[in-house]
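Chemist: What follows is the residue order along each chain.
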Amino acid sequence: MQVTTKVSERKASTASGSPVTILSFAGDISSASKDAILNAYHGLNGSTSKILLDFTGVDYINSSGIAIIIQMLLEAQKTGSQSVGIFGLSAHFQKVFTMVGINKYAALHKDEASALAA
Amino acid sequence: MDTIPFLPQDSLEQQVARLQALLEAARHVHSSIQVKDVLQETARILVRELELSGALFLMPGASEPVASYGDTLAPPYEGCGRFPLFSGESRQLLAELVVSMPDSGEYSLYEQDFIEGLVLQTAVALENATLHERDLEWARVQQDLDAARLLQRSLLPRAMPDIPGFSIAARSTTCYEVGGDYLDTMTLPDGTHLMVVADVAGKGLASAIVATAFRAAVRSQSGHNLSLEDLAARLSQQHWSEGGEARRRYMTALFLRLDPAQHEIEMVNAGHNPAAVSLPGGELRMIEASGPPLGMLPGMTYAAERFAFPPGARMLLYTDGLTEVFHGDEEFGQDRLVETFRNTPCPEAERVLDVLWDTLGTFSFHEPQTDDMTALAIFHLAPESLRAGDQTCMKSGSSVQVRLPSELGFEKVAMSTAASMAALMGFSEDRIEDLKTAVAEACINAIEHGNQLNSSLSVGVVLSNNDDELEVKVIDDGNGVRQSPHAPDIDRKMHGEEDPRGMGMFLIQALVDEAEWHQGPPGKSFVRLVIRLDKENQECR
Chain A
0 MQVTTKVSER KASTASGSPV TILSFAGDIS SASKDAILNA YHGLNGSTSK
50 ILLDFTGVDY INSSGIAIII QMLLEAQKTG SQSVGIFGLS AHFQKVFTMV
100 GINKYAALHK DEASALAA
Chain B
0 MDTIPFLPQD SLEQQVARLQ ALLEAARHVH SSIQVKDVLQ ETARILVREL
50 ELSGALFLMP GASEPVASYG DTLAPPYEGC GRFPLFSGES RQLLAELVVS
100 MPDSGEYSLY EQDFIEGLVL QTAVALENAT LHERDLEWAR VQQDLDAARL
150 LQRSLLPRAM PDIPGFSIAA RSTTCYEVGG DYLDTMTLPD GTHLMVVADV
200 AGKGLASAIV ATAFRAAVRS QSGHNLSLED LAARLSQQHW SEGGEARRRY
250 MTALFLRLDP AQHEIEMVNA GHNPAAVSLP GGELRMIEAS GPPLGMLPGM
300 TYAAERFAFP PGARMLLYTD GLTEVFHGDE EFGQDRLVET FRNTPCPEAE
350 RVLDVLWDTL GTFSFHEPQT DDMTALAIFH LAPESLRAGD QTCMKSGSSV
400 QVRLPSELGF EKVAMSTAAS MAALMGFSED RIEDLKTAVA EACINAIEHG
450 NQLNSSLSVG VVLSNNDDEL EVKVIDDGNG VRQSPHAPDI DRKMHGEEDP
500 RGMGMFLIQA LVDEAEWHQG PPGKSFVRLV IRLDKENQEC R
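Protein sequence lines, in the order shown, are assigned to chains A and B. For the first sequence, numbering that gives the first Met the number 0 gives the first residue as 0, with consecutive numbering after it. For the second sequence, numbering that gives the first Met the number 0 gives the first residue as 0, with consecutive numbering after it.
Everything labelled a hint here was simulated from the structure, so no lab data went into it. Think of the CB as a built atom: it goes at the ideal place given N, C-alpha and C, for glycine as much as any other residue. Take these hints with a grain of salt, some might be off.
Think about it this way: if two alpha-carbon atoms lie no more than 16 Å apart in a straight line, the pair counts; the simulated EDC-like pairs of lysine to aspartate or glutamate are [claimed, not checked]: (1) K103(A) to D490(B); (2) K35(B) to E77(B); (3) K202(B) to E228(B); (4) K5(A) to D34(A); (5) K33(A) to E74(A); (6) K523(B) to D476(B); (7) K94(A) to D58(A); (8) K35(B) to E126(B); (9) K202(B) to D319(B); (10) K33(A) to D498(B); (11) K5(A) to D58(A); (12) K94(A) to E428(B); (13) K94(A) to D429(B); (14) K77(A) to E496(B); (15) K202(B) to E244(B); (16) K35(B) to E95(B); (17) K77(A) to D490(B); (18) K472(B) to E513(B); (19) K49(A) to E8(A); (20) K103(A) to E428(B); (21) K10(A) to E111(A).
Stretches of chain B that chain A covers, calculated by requiring three or more beta carbons in the stretch to come under 8 Å of a beta carbon on chain A [stated by the list, open to error]: (22) 400-412; (23) 431-440; (24) 495-506.
Here are the computed distance ranges between Cβ atoms for each label pair [what the hints assert, rightly or not]: (25) H262(B) to A117(A): 44 to 50 Å; (26) H262(B) to G56(A): 24 to 30 Å; (27) V2(A) to S397(B): 28 to 34 Å.
Make the full structure from the sequences, and use the hints.
Modeler: Given below as structure tokens:
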């Protein structure tokens with residue numbers, strides 16, 4: 000009964016011109032999102048150093064979904080070369096992500112423009 | 000006399016024959032339910048059985064005999080026998096039998112007994128017939144009253160004026176079938192709105208007739224572009240001129256003209272309870288009477304008050320049926336009414352009238368109302384109320400129950416239900432988001448941990464609102480949730496030292512005002528969450 004998560008990948012560049020890979024999520028972020036999110040992450044080119052997670056199309060995130068994001072951040076951190084940023088969260092989920100401490104490991108931005116400008 | 004005395008000289012056969020004659024006569028008399036038929040039958044039996052020349056019945060209040068048989072007997076009925084018929088319990092005179100004397104000039108003992116015995120039976124039959132006639136008459140009156148009630152209801156405004164930025168509601172309940180309260184609203188050609196609340200002295204049908212006539216007068220005068228002062232003076236004079244009967248049914252009235260474009264109200268109070276205006280800064284203004292009730296005295300004049308009615312202001316016009324509600328000897332009173340009106344936070348006029356009526360019902364222990372009750376509430380919506388759009392208030396004590404299949408994903412059903420209920424209670428969007436996440440997490444815990452993902456079990460969710468708080472109980476069919484909430488340590492999680500999951504209980508506790516976990520036998524374990532309205536503007540703790 001869980002809504003599947005759609006993940007799409009696109010390229011962009013920061014204000015300073017460095018390449019960025021944006022993973023856009025749509026649907027719900029829950030325990031059912033594990034394969035969709037982690038497979039998309041694992042499918043990224045190994046040389047990708049800056050990743051942005053786009054939550055604009057996401058309405059519902061639960062703690063199991065957050066755990067998957069944390070797992071992804073953990074893997075990204077292990078590479079030692081990848082940085083991850085997040086944008087498109089509602090005010091409520093920005094609050095929730097801050098409460099669990101995700102902001103320590105992934106910068107939270109309001110929208111894509113401010114994420115690319117950072 | 001209940002029994003027929005048997006005369007010693009009569010034979011047994013004669014006694015039996017007389018008894019049978021009387022029983023037969025009684026049977027005939029009781030065979031009809033119409034007053035006239037009962038009396039007619041008795042007169043006929045008497046004349047024929049006793050071979051008398053004539054008999055008739057007189058009834059109180061009737062100048063002519065109501066029934067007769069045989070020769071016409073003429074007043075003053077000299078030389079006739081007269082027998083009163085009394086009702087069984089009250090000994091009230093129902094009718095009088097006038098019956099001619101036999102040629103001998105006096106009744107034999109048998110004749111006397113027969114007449115008296117039959118009179119007793121006839122009195123019973125007559126009482127039954129009278130009650131029956133009264134029932135029919137009452138049914139007709141009731142039908143009339145029902146029709147009048149329908150008519151009067153149909154004359155109430157079908158809808159309140161729909162003015163952008165304003166919430167207007169009215170309610171009128173009568174204590175009898177029809178009432179003497181009058182409520183009306185008309186849109187005038189210049190775009191202003193004329194509203195009237197009036198109360199005719201007394202209650203019931205007579206007051207209702209006056210109220211209906213007054214409605215016609217207001218409606219015809221309102222087309223003449225009169226000032227409110229002139230409208231009140233003219234209506235008062237017109238009613239006074241109707242004469243003494245009408246003057247006894249004088250009326251108190253509030254005339255109000257709302258100018259939505261100018262945010263202004265003009266009012267005339269003619270002998271009515273003061274109208275309450277609550278202004279956004281907290282100021283309370285009472286619009287007192289500027290003259291006596293309409294139609295009580297000739298040549299009366301009235302003064303209008305004009306005042307600003309800015310966004311956030313609200314106003315209550317009411318009849319004394321709302322203040323004169325009693326609990327024992329204690330009256331609800333104007334102060335309590337006005338305070339309840341001002342302090343009900345809901346921005347929707349209709350809901351505030353619900354609250355007033357509920358409060359009055361509770362105060363009087365839901366005793367039947369003793370007077371007509373009419374109120375008109377006008378709210379000039381504050382910008383925040385406008386933003387809330389279709390925001391409504393919910394009565395305290397409402398409860399909603401949802402049963403979910405124990406399958407991940409269904410927590411969203413509980414989540415939306417809780418969100419809808421919180422919106423009805425007036426929670427802010429932020430708090431509703433907090434609640435949604437907390438309820439979803441509680442349901443996920445119940446599904447995953449309490450019910451161990453067993454899809455044959457289910458999760459119960461009970462949402463109850465109590466005054467200014469919303470309580471949500473999430474009940475699993477399993478053994479509840481054993482852990483206790485702890486703050487996630489993101490560093491340990493990021494170093495793989497702590498399970499990345501297990502944040503649900505922490506989030507629940509952080510997002511609501513109260514959270515407690517109860518473990519019990521299957522079906523009795525639950526988590527109880529509470530959010531309060533007064534936390535509405537607070538950031539998350």
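Chemist: For each hint, tell me whether it holds in the structure or not.
Modeler: Now for the hints, and whether the structure bears them out:
1. K103(A) to D490(B): Status holds; Cα separation ~9 Å.
2. K35(B) to E77(B): Violated. K35(B) to E77(B) sits at ~24 Å, over the 16 Å cutoff.
3. K202(B) to E228(B): 27 Å, violated
4. K5(A) to D34(A): 10 Å, holds
5. K33(A) to E74(A): 14 Å, holds
6. K523(B) to D476(B): Given pair K523(B), D476(B) holds - Cα atoms ~7 Å apart, limit 16 Å.
7. K94(A) to D58(A): 15 Å, holds
8. K35(B) to E126(B): Cα-Cα ~12 Å, so holds.
9. K202(B) to D319(B): 12 Å, holds
10. K33(A) to D498(B): Satisfied, since the Cα-Cα distance of roughly 15 Å is no more than 16 Å.
11. K5(A) to D58(A): 13 Å, holds
12. K94(A) to E428(B): 14 Å, holds
13. K94(A) to D429(B): Holds, at about 10 Å.
14. K77(A) to E496(B): 14 Å, holds
15. K202(B) to E244(B): 14 Å, holds
16. K35(B) to E95(B): With Cα atoms ~13 Å apart, K35(B) and E95(B) stay inside 16 Å; holds.
17. K77(A) to D490(B): Holds. K77(A) to D490(B) sits at ~13 Å (cutoff 16 Å).
18. K472(B) to E513(B): At roughly 11 Å apart (the allowed maximum being 16 Å), E513(B) and K472(B) satisfy the hint.
19. K49(A) to E8(A): 13 Å, holds
20. K103(A) to E428(B): 27 Å, violated
21. K10(A) to E111(A): 12 Å, holds
22. 400-412: Check passed, 7 qualifying residues.
23. 431-440: holds (count 5)
24. 495-506: n = 9 at 8 Å, threshold three: holds.
25. H262(B) to A117(A): 44 to 50 Å: 47 Å, holds
26. H262(B) to G56(A): 24 to 30 Å: 43 Å, violated
27. V2(A) to S397(B): 28 to 34 Å: 30 Å, holds
In this structure, the earlier hints numbered 2, 3, 20 and 26 are contradicted, and the remaining ones agree with it.
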